[in-house]
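Engineer: Build the complex: two chains, separate frames, hints provided.
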Amino acid sequence: MSGKPVLHYVSVRGRMEPVKWLLAAAGVEFEERFLETKEDLQKLRADGCLLFQQVPMVEIDGMKLVQTRAILNYIAGKYNLYGKDLKERALIDMYVEGMADLYDIIMNHDFKPANEKEKDLANIMDKATNRYLPVFEKVLKDHGHDFLVGNKLSRADVNLLETILMVEEFKPDALAKFPLLQSFKARISNTPNIKKFLQPGSQRKPPLQEKDIPSLMAIFH
Amino acid sequence: MAEKPKLHYTRGRGKMESIRWLLAAAGVEFEEEFIEKEDLEKLRNDGSLLFQQVPMVEIDGMKMVQTRAILCYIAGKYNLYGKDLKERAWIDMYVEGTTDLMGMIMALPFQAADVKEKNIALITERATTRYFPVYEKALKDHGQDYLVGNKLSWADIHLLEAILMTEELKSDILSAFPLLQAFKTKMSNMPTIKKFLQPGSPRKPPPDENYVATVMKIFKL
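Chains as they are written, first to last, in this note's numbering: chain V, 9 to 229; chain Z, 153 to 373.
Hints listed in this document are in silico derivations from the structure and should not be mistaken for laboratory results.
Everything numeric in this text was worked out from a predicted model, so none of it was measured.
C-beta atoms are modelled at their ideal positions from N, C-alpha and C, and glycine is treated no differently.
Treat the hints with care, as some may be off.
DMTMM-like cross-link-like pairs, simulated, lysine to aspartate or glutamate; straight-line CA separation at most 20 angstroms [said to hold, decoys possible]:
(1) V:Lys204 to V:Glu37
(2) Z:Lys215 to V:Asp93
(3) Z:Lys289 to V:Asp55
(4) Z:Lys215 to V:Asp55
(5) V:Lys179 to V:Glu96
To list a few chain Z residues with every Cβ distance to chain V over 12 angstroms, as calculated [as the list claims (entries may be wrong)]:
(6) Asp266
(7) Ala273
(8) Lys322
(9) Ser323
(10) Gly352
(11) Val367
Okay, chain Z solo, but in the shape it has when bound (with noise of 0.2 angstroms):
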């Protein structure tokens, strides 16, 4: 019997979202359990943890820590990793950008008021002239529809994971970018991931305030 991957995390997007988002996208169910309060200590106490860190995902018999591993195994596993090491090393380069975008808008809402201005502008200023056009180009470049090997990969979930959580930031912010608007309404139509953007659906909202306090508390941050 297959089980489905159980994730262990806080209830919000952080660094487990993305595997959420692959997962998803797989069309593999999974199940969640959040942390709240004591129920860090517990998982270190209990061994669980490797490095006494979250995320950590039940799957095939492992308990899985560390982002990039979990998301690596996943994409693996259900064929979004390329055809051989020349496509995973492009799916990997795509991928790396889009993680260091979202790595730094996913900072904001711990920063203080005046650093989180100047750093949506930075943001701004590095999704519209050193990441976007990166993928604008790629996309131009070979007239395909997804970016590496005319296949769906792990790339381009990541990319439209990025350019949602960028649009959040700045609504307009693919405005110079008609390839990679065309994609966005492309991927977001495919049945798992038109699933995941539904009401109701595992994906989870924007931080806010009452998120940052609780991951503060937890984390002891």
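The following block holds chain V by itself, in its conformation from the complex (with noise of 0.2 angstroms):
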């Protein structure tokens, strides 16, 4: 038993990727299961594994935990990365509570319709540069620090640097009129655990393709 954490997923980013980026963020090695048919999720469930009888389900710590923010919650507490105090923790929170509203957007873009994508990805390229990215610029340019809060690395910066590069994978250009996330984006990349979880090889997953889509379908209803 090697005491790392067991990641229950889908073999897709999906809803746990973000916690595969703050594991690797904080150097912790950790070890994934992939469903891969519907029979796989229903003796998870069945075994009592999954208090939701849904997954991302994660091993850590003795707890089968479920809940993507109660996981990410839990990570971020235990490896110091969430902030010094209630209020770091707040503006913690907001940053990434406001990420997470980006990430949901950019998931279910894989599933819209044909006919429907072409203003889906419309939308998502005008609230990443005219809600999100212009908040993080700001936030950046009016206390100088490298970080975003408390001039620390928290999850906060791991979220952001994710959220980049995904934006990024619909638009290479994203970050023209952001000088700040620019640098931002050199500089995170190039801390040591996220430099490594960039590589390839590393657990990080590609985005989804459409030809995995029905298998995918097929495991959940």
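Structural biologist: Structure representation (structure tokens):
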């Protein structure tokens, strides 16, 4: 028994990817068990492993944690990536929740019918460039620090890098108007743990491929 | 001088109601500014809304946005968030479960009649087979009055809100859950909560057609 956290999910980014980013940034090695069939999910349910019958589920410190936010909060707290007091946590939570909203529309984009995809993509880019990215550019500008909160790496920085990279997958020049985010991206990408996670062969997952959607749907429906 | 928190939202439950519940249960008096017509644009133009959205709560010198960030801050400030990381993890898991359940109910008034009918059946099924059994079991396993750490927490307050909201949909929804029935009675009789449940409190009524029309108009849905 290794004692490493064990992540139970399907073999795509989905709701588990931010958890992997956070563990990787904290330098925590983890194992993954992938659900490949509906039977795999049913077995976890029948074994009583899933509090609300859903994944993600992470085995960590003797618990079977479910609910993405509960998992992320625990890891962030455990590895000191959650600020030093309530007020820093409040800022981190606001930033992270904003990014979670953007992440949700990005995640759901893959499941939109073909005739809605173009409009949806326009909405994603509009929100990213007009609602979310400007907030973080301004935060960095206002305090002039390297990190979003408390002059120290936190889950908000890890989350922001993940978000930037995802938005750039849609539009490579998404950061054109955000010079501080560009240097933020370079800087955070070069921190050792994250640099390792960004290299080929890491546990990071690629964007969802359309051909994988049917088998994914078969597991959950 | 401790200023009262000030809540900015429409005059209805929506995403602000859980915040009203938590403040009320903690015995914290608060003020409300209700958004009508052009008020949302004004708040946006004033730079008061980090991501151009409400809920927004002015508290301790901050203009907090994002429902979960606000709830986490209040829970932490008023000692309703457990005594350590592990208790927090359990509270987070329980709260995310009741959030999912209440989220399904909150979406109903905005759905077409046929979709709504299907979803009411789904909600009833989920409540009685996925969610309430978890909380009934938690109370049964440790035999204590509260969900986590033998002490009132955010999870208990959120569960009571979810129970009452689900009962509005189906009044006998707790028929198979004796411990939840006892929990509901005990929690409802706590002085601060009893006060919140009385007429004239800041508690908002279930959404009606007028509220739906107002929300659609203000948020341009």
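Engineer: Would the hint linking Lys204 of chain V and Glu37 of chain V be met if the CA-CA limit is 20 angstroms?
Structural biologist: Roughly 12 angstroms separates the two Cα atoms, so the pair holds.
Engineer: Is the Cβ of Val367 of chain Z more than 12 angstroms away from each Cβ in chain V?
Structural biologist: Given that every Cβ of chain V is farther than 12 angstroms from that of Val367 of chain Z, nearest at about 18 angstroms, it holds.
Engineer: Are the Cα positions of Lys179 of chain V and Glu96 of chain V separated by 20 angstroms at most?
Structural biologist: violated (32 angstroms)
Engineer: Can we confirm that no CB of chain V comes within 12 angstroms of the CB of Ala273 of chain Z?
Structural biologist: holds (17 angstroms)
Engineer: Decide if the proposed pair is consistent with the structure: Lys215 of chain Z and Asp93 of chain V, CA atoms, cutoff 20 angstroms inclusive.
Structural biologist: Holds, at roughly 17 angstroms.
Engineer: Is Lys289 of chain Z close enough to Asp55 of chain V, meaning Cα to Cα at most 20 angstroms?
Structural biologist: holds (16 angstroms)
Engineer: Confirm or reject: Ser323 of chain Z is not an interface residue toward chain V, with every Cβ-Cβ distance exceeding 12 angstroms.
Structural biologist: Fine: 24 angstroms to the nearest Cβ keeps Ser323 of chain Z off the interface.
Engineer: Decide, holds or violated, for the assertion that all CB atoms of chain V are farther than 12 angstroms from the CB of Asp266 of chain Z.
Structural biologist: For Asp266 of chain Z, whose nearest Cβ neighbour in chain V is about 19 angstroms away, the distance exceeds 12 angstroms, so it holds.
Engineer: Just want to verify: Gly352 of chain Z was marked as not at the interface with chain V; is every Cβ pair farther apart than 12 angstroms?
Structural biologist: holds (31 angstroms)
Engineer: Checking a non-interface call: every C-beta of chain V should be farther than 12 angstroms from the C-beta of Lys322 of chain Z. Is that right?
Structural biologist: The assertion about Lys322 of chain Z holds, with a minimum of 20 angstroms to chain V.
Engineer: What's the verdict on Lys215 of chain Z and Asp55 of chain V, does the C-alpha distance respect the 20 angstroms limit or exceed it?
Structural biologist: violated (45 angstroms)
Hints 4, 5, counting from the list given before, are not met by this structure.
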